[in-house]
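K.L.:
The residues making up each chain are set out below.
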Amino acid sequence: MEHDSIYYGQAIEALRGVIDPELFVNIIDLGLVYNIDFSEPETIKIKMTLSTPHCPLGEAITNGVENVLQDQFPQRKPIVILIWDPQWSFEMVTESGKQQLGIN
Amino acid sequence: MNDIHIGKAPPAWIVLPFYATGAVFFLVLTILLFLSAEDLTRHYFSPHLLAVVHTAALGWGTMIIFGAAYELLPVFCERDLYSKRLAILSYILLTAGIAHLIPAFWWFKAGGLMITGGSLVFMATFCYVLNVLFTAQSTNNHLIHQRFLTSSALWLLVTVTLGLCLAVNLRYPFMSRNHLDVMKLHAHAGLAGWFLQLITGVSVKLVPMFLISKPGKTKWVQAAWILQNTGLILFLFDNHLNNNAGRDMLYAFVCGLGIIAWLYFLYDVFRNRLRKRIDLPMKHTLVSFIFLIAALMTIPVAHHSISAKWTLIYGLLLLLGWITSIILGQTFKTLPFIVWNEHYKKLTGRSSVPLPSDLYNLRILKCQFYIYLFALASLVAGMIVNNLLIIRLASILWILLAGLYAANIVKIMFHQPNTTNENGAR
Numbered sequence: 001m002e003h004d005s006i007y008y009g010q011a012i013e014a015l016r017g018v019i020d021p022e023l024f025v026n027i028i029d030l031g032l033v034y035n036i037d038f039s040e041p042e043t044i045k046i047k048m049t050l051s052t053p054h055c056p057l058g059e060a061i062t063n064g065v066e067n068v069l070q071d072q073f074p075q076r077k078p079i080v081i082l083i084w085d086p087q088w089s090f091e092m093v094t095e096s097g098k099q100q101l102g103i104n
Numbered sequence: 001m002n003d004i005h006i007g008k009a010p011p012a013w014i015v016l017p018f019y020a021t022g023a024v025f026f027l028v029l030t031i032l033l034f035l036s037a038e039d040l041t042r043h044y045f046s047p048h049l050l051a052v053v054h055t056a057a058l059g060w061g062t063m064i065i066f067g068a069a070y071e072l073l074p075v076f077c078e079r080d081l082y083s084k085r086l087a088i089l090s091y092i093l094l095t096a097g098i099a100h101l102i103p104a105f106w107w108f109k110a111g112g113l114m115i116t117g118g119s120l121v122f123m124a125t126f127c128y129v130l131n132v133l134f135t136a137q138s139t140n141n142h143l144i145h146q147r148f149l150t151s152s153a154l155w156l157l158v159t160v161t162l163g164l165c166l167a168v169n170l171r172y173p174f175m176s177r178n179h180l181d182v183m184k185l186h187a188h189a190g191l192a193g194w195f196l197q198l199i200t201g202v203s204v205k206l207v208p209m210f211l212i213s214k215p216g217k218t219k220w221v222q223a224a225w226i227l228q229n230t231g232l233i234l235f236l237f238d239n240h241l242n243n244n245a246g247r248d249m250l251y252a253f254v255c256g257l258g259i260i261a262w263l264y265f266l267y268d269v270f271r272n273r274l275r276k277r278i279d280l281p282m283k284h285t286l287v288s289f290i291f292l293i294a295a296l297m298t299i300p301v302a303h304h305s306i307s308a309k310w311t312l313i314y315g316l317l318l319l320l321g322w323i324t325s326i327i328l329g330q331t332f333k334t335l336p337f338i339v340w341n342e343h344y345k346k347l348t349g350r351s352s353v354p355l356p357s358d359l360y361n362l363r364i365l366k367c368q369f370y371i372y373l374f375a376l377a378s379l380v381a382g383m384i385v386n387n388l389l390i391i392r393l394a395s396i397l398w399i400l401l402a403g404l405y406a407a408n409i410v411k412i413m414f415h416q417p418n419t420t421n422e423n424g425a426r
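Residue numbers (UniProt numbering), protein chains in the order written: chain A, 1 to 104; chain B, 1 to 426.
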């Protein structure tokens, strides 16, 4: 469990390196990542969403997730699972994300 | 990875030719505008002005819209584009058709050249309509923006069919109706059917996305679709059956209500936006609505005036004001993303990659914005006071504007990734 918590923190930090190219905000602060699962020894399962289904930049974002997690955890295979329920909404943006977006 | 909903934008080589060719035709348009300065002080039915209008509507507006639509259809319909081949075929046919039509109108060669051009544009449109219908058909959610996209495509088909009939009629007269009356129907099917409904549908989806706003007044968009179509259908049928029964203002009013409903939706989106800072491409888009409203205000003047100049100003505010301003802005909300995606989608998170907005020159875009406003204002002023010198000077500004736009397009399209900047901080 302790390891999971350390891994989780490392994964969050790594995922902050994935930026939404339109909004210029990382996917953690946008609230696009719903769950990070280390329960299987050889994989990391990321449940996440996109701000718009079928967004042309969706592939770039999911590639980014795979890239940063592969670099951070070379012994594990990242698996991105896109989900649309719950649908992403502005309420999911963190305070830091709101500041980056210029929202008071 | 779940592959069902992920964006599968068509390859850049399908979309980029539309943008490049659109930029070239925009330059051609501004040069033709300069050469037609004197025609702008006369009646609108002149060979040179017909060439200018068709360069603007087809070479500039429709060319860029086709390209953007092929990129955005998967976003709108939440599935892949139906056919890449049809998309490429529509590009070849549209480009060839316009290349025939412009000289045919400029030197007024009614006959083979004009009819061939019209036929090629018709076939290009048919390919586009098939792609839109089949992409939209197999989706589960028939959302309002999809409905606008579909109806606009069908109106384009009506427009080009009428246009082809007019081209044939010039060489082989078969219409019992006055050529100018049918031309009025052709023009309004294009403006209120194709351009208006497409722009309404696209803006309903994209403006809330770009401004980060939750659309609340969606019933107004439904009302907009009904009113815009009702006004246009009644206008076409009444004019066709009753030959100018004098109810044009009534139909313009109904269509105008549809525009007001749409603009009210956008105003609500704008007011409730989370992203307070408006970037330059969005400013370009937002000012376009001022020109649309200005054009609508000239309708009663043009309707009651015996001078043809107000009809010309009406058309100019729509084509070079409203539509051009949107394209000049939205190009930079779409094209850099397409090119960026091609170069960087596999590198995100791994190395320092630029943002899509870094692909164009912001200083050129700023110049483009202010020169555009000045060029449009001076051209309209020159036409109102009937001053040839002002019109000529304004036309030179338009050429400069098209040059600036083309320079940024070239910069984006020929962007080369800087792979030496690995791990550098942004």
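Some hints here could point you the wrong way.
Derived lysine-lysine pairs resembling PhoX-like cross-links, with alpha carbons at most 25 Å apart [said to hold, decoys possible]:
#, chain 1, residue 1, chain 2, residue 2
1, B, K346, A, K77
2, B, K283, A, K98
3, A, K98, B, K276
4, B, K346, A, K45
5, A, K98, B, K84
6, A, K47, B, K214
7, B, K214, A, K98
8, A, K47, B, K346
9, B, K205, A, K98
If you're looking for bench data, these hints aren't it; they were derived computationally from the structure.
K.L.:
Each hint: holds or not?
P.N.:
Cross-check of the supplied hints:
1. K346(B) x K77(A): 17 Å, holds
2. K283(B) x K98(A): 22 Å, holds
3. K98(A) x K276(B): 11 Å, holds
4. K346(B) x K45(A): Within the cut-off at roughly 19 Å; holds.
5. K98(A) x K84(B): Answer violated: K98(A) to K84(B) is near 39 Å, above 25 Å.
6. K47(A) x K214(B): Given that 25 Å is the threshold and the Cα spacing comes to 24 Å, the pair holds.
7. K214(B) x K98(A): 15 Å, holds
8. K47(A) x K346(B): Roughly 20 Å between the alpha carbons, so the hint for K47(A) and K346(B) holds.
9. K205(B) x K98(A): 22 Å, holds
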